[in-house]
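Participant: Starting from the given sequences, assemble the full structure and let the hints guide the process.
Protein chains: 2
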Amino acid sequence: MKLYDCHVAPNPRRARIFLAEKNIKLEKIEIDILAGENLQDDFLAVNPRGLLPVLELDDGTYIDEVMAICRYFEEVQPEPALLGRDLKEKAIVTMRQRKMEFDGMISCSEVFRNQHKEFLKRGIPGGGKDNIPAIPALIDRGNQTLNRFFWWLEKYLEDGPYLTGDQFTMVDITATCSIGFAKWSDIHIPDANTRTKKWYEKVLARPSAEA
Amino acid sequence: MKLYDCHVAPNPRRARIFLAEKNIKLEKIEIDILAGENLQDDFLAVNPRGLLPVLELDDGTYIDEVMAICRYFEEVQPEPALLGRDLKEKAIVTMRQRKMEFDGMISCSEVFRNQHKEFLKRGIPGGGKDNIPAIPALIDRGNQTLNRFFWWLEKYLEDGPYLTGDQFTMVDITATCSIGFAKWSDIHIPDANTRTKKWYEKVLARPSAEA
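These protein sequence lines are chains Z and F, in that order.
If you're matching positions, the first sequence starts at 1 in the numbering used here and goes up one per residue.
If you're matching positions, the second sequence starts at 1 in the numbering used here and goes up one per residue.
Bear in mind the hints are in silico, worked out from the structure with no lab data behind them.
These figures come from a predicted structure and were not determined experimentally.
Among these hints, one or two may not hold up.
Since the list gives no way to pick one copy over another, a pair counts as held whenever it fits inside one copy or between any two copies.
[What the hints assert, rightly or not] Derived pair list, reagent style BS3-like, types lysine-lysine, alpha-carbon separation capped at 25 Å: (1) 22 to 88; (2) 2 to 202; (3) 117 to 88; (4) 22 to 90.
Facilitator: The following block contains the structure:
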């Protein structure tokens with residue numbers, strides 16, 4: 001089993017933090033997206049969309065969605081539970097994780113992709129050779145949904161030290177990686193969001209944050 | 001426990017088909033989105049984003065993401081398995097389900113929302129009162145990613161009668177609802193995609209398709 005990884009990219013980081021929290025070590029193959037290695041034939045044979053991370057199972061099956069990879073390892077090694085401990089918490093983690101993706105990760109991607117000339121004809125992640133144009137209006141859109149992201153983070157933290165209460169979960173991981181990704185576009189946690197700032201400091205202090 | 005539902009909307013349909021396949025019956029509360037009931041205070045107290053479906057648990061917790069709702073019931077009642085029978089199949093279902101959402105459901109939403117004047121200031125689902133403008137360029141973008149959606153459907157069906165092989169799963173449900181949603185914009189399965197056409201006929205013939 002091995003993980004196709006990319007050190008600078010935000011989605012592989014989600015998988016790496018998840019694995020580090022569970023102390024699971026995998027063989028890793030680094031793909032250099034800055035050099036365009038993800039759009040070359042060798043890697044397109046692994047994932048035709050050119051996206052990372054990808055888990056290669058021992059039978060050669062490729063799993064190329066980060067949440068599919070995380071769920072796989074949650075089942076292989078349930079402790080510590082990162083996708084919820086009981087039925088209700090699992091539902092809340094699945095729900096909030098999703099909000100963090102849509103309001104956070106995807107918004108960051110829209111702001112970033114649509115303002116850099118490298119992506120002028122690569123408007124969507126995974127559309128490597130499809131020649132899909134960037135849409136500059138998505139920069140504003142992404143900024144607006146990032147405001148919503150920060151608003152929800154602060155609200156979730158009313159209920160406890162982590163984004164679903166007393167336990168660090170995948171919701172915290174996706175939010176952390178989104179905040180890291182937002183920095184690429186010089187967007188930061190608003191100063192007024194004191195709970196979020198305190199939480200972010202705490203999650204960055206976990207050893208997994210370095211993964 | 002009850003389900004806030006909306007008969008015309010594509011995401012609640014995913015939940016209804018899922019529940020019908022498991023023969024789970026829930027109390028349903030119909031929200032009339034065509035009359036704007038989802039953006040009125042009563043429903044915004046249930047889901048501040050104004051989106052459906054929402055599951056209300058017996059303790060009053062709201063679960064407002066369709067996949068969180070489906071995963072909840074997969075655990076409550078595992079048979080028939082709609083999210084995969086074993087570790088590897090679960091990973092494939094999670095992965096492909098996601099593709100169907102991104103390439104299918106979200107593309108349909110982009111094509112539809114950005115061309116109808118009702119959504120001129122409601123550019124994103126769940127941005128009801130945020131005044132987020134529509135982006136007409138997303139109509140083309142959505143059409144391009146729908147091409148990709150149809151291409152992948154035909155490809156997945158090389159491996160068996162359903163989108164992950166021999167078993168009907170959530171991947172088939174999300175794809176079916178996406179195709180139904182595409183029709184709103186007069187977009188249909190390409191004639192050349194004969195495997196997809198045959199599959200679609202078969203899934204529509206299941207009793208759950210009427211749910």
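Participant: Of the hints stated earlier, which fail here?
Facilitator: Going through the list in order, the structure violates hints 2, 3 and respects the others.
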